[in-house]
Amino acid sequence: EDQVTQSPEALRLQEGESSSLNCSYTVSGLRGLFWYRQDPGKGPEFLFTLYSAGEEKEKERLKATLTKKESFLHITAPKPEDSATYLCAVRGSGAGTALIFGKGTTLSVSS
Amino acid sequence: GAVVSQHPSRVICKSGTSVKIECRSLDFQATTMFWYRQFPKQSLMLMATSNEGSKATYEQGVEKDKFLINHASLTLSTLTVTSAHPEDSSFYICSALETASGGVYPFFGPGTRLTVL
Numbered sequence: 710e711d712q713v714t715q716s717p718e719a720l721r722l723q724e725g726e727s728s729s730l731n732c733s734y735t736v737s738g739l740r741g742l743f744w745y746r747q748d749p750g751k752g753p754e755f756l757f758t759l760y761s762a763g764e765e766k767e768k769e770r771l772k773a774t775l776t777k778k779e780s781f782l783h784i785t786a787p788k789p790e791d792s793a794t795y796l797c798a799v800r801g802s803g804a805g806t807a808l809i810f811g812k813g814t815t816l817s818v819s820s
Numbered sequence: 129g130a131v132v133s134q135h136p137s138r139v140i141c142k143s144g145t146s147v148k149i150e151c152r153s154l155d156f157q158a159t160t161m162f163w164y165r166q167f168p169k170q171s172l173m174l175m176a177t178s179n180e181g182s183k184a185t186y187e188q189g190v191e192k193d194k195f196l197i198n199h200a201s202l203t204l205s206t207l208t209v210t211s212a213h214p215e216d217s218s219f220y221i222c223s224a225l226e227t228a229s230g231g232v233y234p235f236f237g238p239g240t241r242l243t244v245l
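Chains P and G, in that order, give the protein sequences. Residues 710 to 820 in our numbering are what the first sequence lists, from first letter to last. Residues 129 to 245 in our numbering are what the second sequence lists, from first letter to last.
These aren't lab readings, by the way, just hints derived from the structure by calculation. Everything numeric in this text was worked out from a predicted model, so none of it was measured. For every residue, glycine included, the Cβ atom is placed at its ideal position computed from N, Cα and C. Do not rely on the hints blindly, as some may be mistaken.
[Stated by the list, open to error] Cut-off 20 Å, straight-line C-alpha distance, at most; resulting in silico cross-link-like pairs (PhoX-like, lysine-lysine):
hint	chain 1	residue 1	chain 2	residue 2
1	P	Lys766	P	Lys751
2	P	Lys812	G	Lys148
3	G	Lys148	P	Lys751
4	G	Lys194	P	Lys751
5	G	Lys194	G	Lys142
[What the hints assert, rightly or not] Partial list, computed: chain G residues near chain P (C-beta under 8 Å):
hint	residue
6	Phe167
7	Ala200
8	Leu202
9	Thr203
10	Leu204
11	Ala228
12	Gly239
All chains should be modelled from the sequences, with the hints used to inform the complete structure.
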């Protein structure tokens, strides 16, 4: 069964304090690992898609990396506006075209 | 990025009534759309997969007669919650698949907050 586990559940950072969020996954035939940002009361906002181990993608203060078992979302020098819930999801060969989501990491950045 | 809209954004209804939620892909065609529901502080749970021109595929435990899905065109899918009850109160989010440059990109709508009194 495809499964996604995110840690930590919640993370509090000071502005400028870099850190990483973890996404561990088990999936039969990975066809993509996705990172989204979700603000309260809104739908997920697409950030990255990673397809193969060793792949990295960057966007502003965010960098996503992928290994065969997990993905990291690195946040460099975060700002208060980076506060949100970050969701990781996978698409496997056994899940059709739907995404399987983790429970998310809620990030709070204080100034 | 691609844009997916949902309407309405919020709806309050009485128990026993039906509510229709629309999901539109605004600048791309989507043969496949998905419907999720999300409870407070929980992640997204897939309800059903909607394919244009065919019947939706429902996840285990989701009542197909209660949650009616219609995907009549390549840009529109609708979810109708029939005979709504308070336990159906939730945040409903749709997703549409954009395929470009050999990749598959699921984009999400802004969600619909349903409150059943």
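Consistency of the hints with the structure:
1. Lys766(P) / Lys751(P): violated (24 Å)
2. Lys812(P) / Lys148(G): At roughly 27 Å apart (the allowed maximum being 20 Å), Lys148(G) and Lys812(P) break the hint.
3. Lys148(G) / Lys751(P): holds (19 Å)
4. Lys194(G) / Lys751(P): violated (24 Å)
5. Lys194(G) / Lys142(G): holds (16 Å)
6. Phe167: Constraint on Phe167(G) not satisfied, violated at 11 Å.
7. Ala200: Check failed: Cβ of Ala200(G) comes no nearer than 19 Å to chain P, outside 8 Å.
8. Leu202: Violated. Min distance 15 Å.
9. Thr203: violated (17 Å)
10. Leu204: violated (17 Å)
11. Ala228: Since the shortest Cβ distance to chain P is 11 Å, the answer is violated.
12. Gly239: holds (5 Å)
Of the numbered hints stated above, those contradicted by the structure are hints 1, 2, 4, 6, 7, 8, 9, 10 and 11, listed in ascending order.
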